[in-house]
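Novice: Residue strings, one per chain:
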Amino acid sequence: MSASSPSGLEDLDPVIHAPKRLAAMAVLSTADQASFQFLKERLQIADSDLSKQMSALEAAGYVAVQKLGRGRGASTSFKLTRAGRTAYRAHRAALRALLGED
Amino acid sequence: MESDEIRAQLHDLERAEASPYVDQRPSPWWFAPSFALWFGAMASVQDFTWPAGVSSMWQALITLAVIIPLAMLLGAYVGWHQQYHGAYPKLVGPKPPEIRRVYRLYFVMFAVATAAIIGLALVVPWWVTGPVTAVVAYICLVGYERVYERAAAAVRERLA
Numbered sequence: 001m002s003a004s005s006p007s008g009l010e011d012l013d014p015v016i017h018a019p020k021r022l023a024a025m026a027v028l029s030t031a032d033q034a035s036f037q038f039l040k041e042r043l044q045i046a047d048s049d050l051s052k053q054m055s056a057l058e059a060a061g062y063v064a065v066q067k068l069g070r071g072r073g074a075s076t077s078f079k080l081t082r083a084g085r086t087a088y089r090a091h092r093a094a095l096r097a098l099l100g101e102d
Numbered sequence: 103m104e105s106d107e108i109r110a111q112l113h114d115l116e117r118a119e120a121s122p123y124v125d126q127r128p129s130p131w132w133f134a135p136s137f138a139l140w141f142g143a144m145a146s147v148q149d150f151t152w153p154a155g156v157s158s159m160w161q162a163l164i165t166l167a168v169i170i171p172l173a174m175l176l177g178a179y180v181g182w183h184q185q186y187h188g189a190y191p192k193l194v195g196p197k198p199p200e201i202r203r204v205y206r207l208y209f210v211m212f213a214v215a216t217a218a219i220i221g222l223a224l225v226v227p228w229w230v231t232g233p234v235t236a237v238v239a240y241i242c243l244v245g246y247e248r249v250y251e252r253a254a255a256a257v258r259e260r261l262a
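Residue numbers (this note's numbering), protein chains in the order written: chain A, 1 to 102; chain B, 103 to 262.
What the hints contain is simulated information worked out from the structure, not anything from laboratory work. Among the clues, some could well be false.
Unchecked claim - Below are the DSBU-like pairs computed for lysine-lysine, each with C-alpha atoms no more than 30 Å apart in a straight line:
(1) Lys192(B) with Lys79(A)
(2) Lys79(A) with Lys52(A)
(3) Lys67(A) with Lys40(A)
(4) Lys197(B) with Lys20(A)
(5) Lys67(A) with Lys192(B)
(6) Lys197(B) with Lys79(A)
(7) Lys67(A) with Lys197(B)
(8) Lys52(A) with Lys192(B)
(9) Lys192(B) with Lys40(A)
(10) Lys52(A) with Lys197(B)
(11) Lys40(A) with Lys197(B)
(12) Lys192(B) with Lys20(A)
(13) Lys40(A) with Lys52(A)
Let's have the full structure, built from the sequences with the hints guiding it.
Specialist: The structure is reproduced here in structure tokens:
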């Protein structure tokens, strides 16, 4: 628990606290990059839902999007930005702190 | 937030973090033989004995003419591999302990095999070094794949 937030809940990042976005951040935290398809299979969600979640993370500056090719063969992949990596680590640490494991 | 809820969330995070390491599709059948040939070709080029009269400039040009396509092949493979597996796990940084052990084994195996091949190359001609390297690489790659899959299965089971 941090000194600035007695409950510790304030240390949780609202952008990545949503379970699907948090899971996507966790996958990306240990990968140089991950494709849209890989994330979709791991998170077991629909294309539209994943697009929405990743757009929110991109808007927050937490992930960078890379698109390769056009049309049917096109692929989209994601990687964590430096800000995203920092935010994910902080969020994870805040969760552990709530358990008193920091 | 309840403690149980947080514990469950951290467990889910650990599983998701392990995913790039343990949710990979199996390597295609041609992976080990083609990489064995690649290593064999590299070893042959390095150990090649030039006939008398070939200038050092020609030696360098011919060596580059062989090594550059081999390097391009490797680059093409890395690009294909990223597409095929969908996620490229980080070499450095936190990873499941089971996988960390396999990575360690890989680096030790690679160092020992490289030292053995270099030692061999000092006493046998290039046309022996190449095929022996290919066979050693094939055995190491097949063995490594099996050990890795066992470790990945252990992680999946632990974090199920």
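Novice: Which numbered hints does this structure break?
Specialist: Of the numbered hints given earlier, the structure breaks none, since each of them holds.
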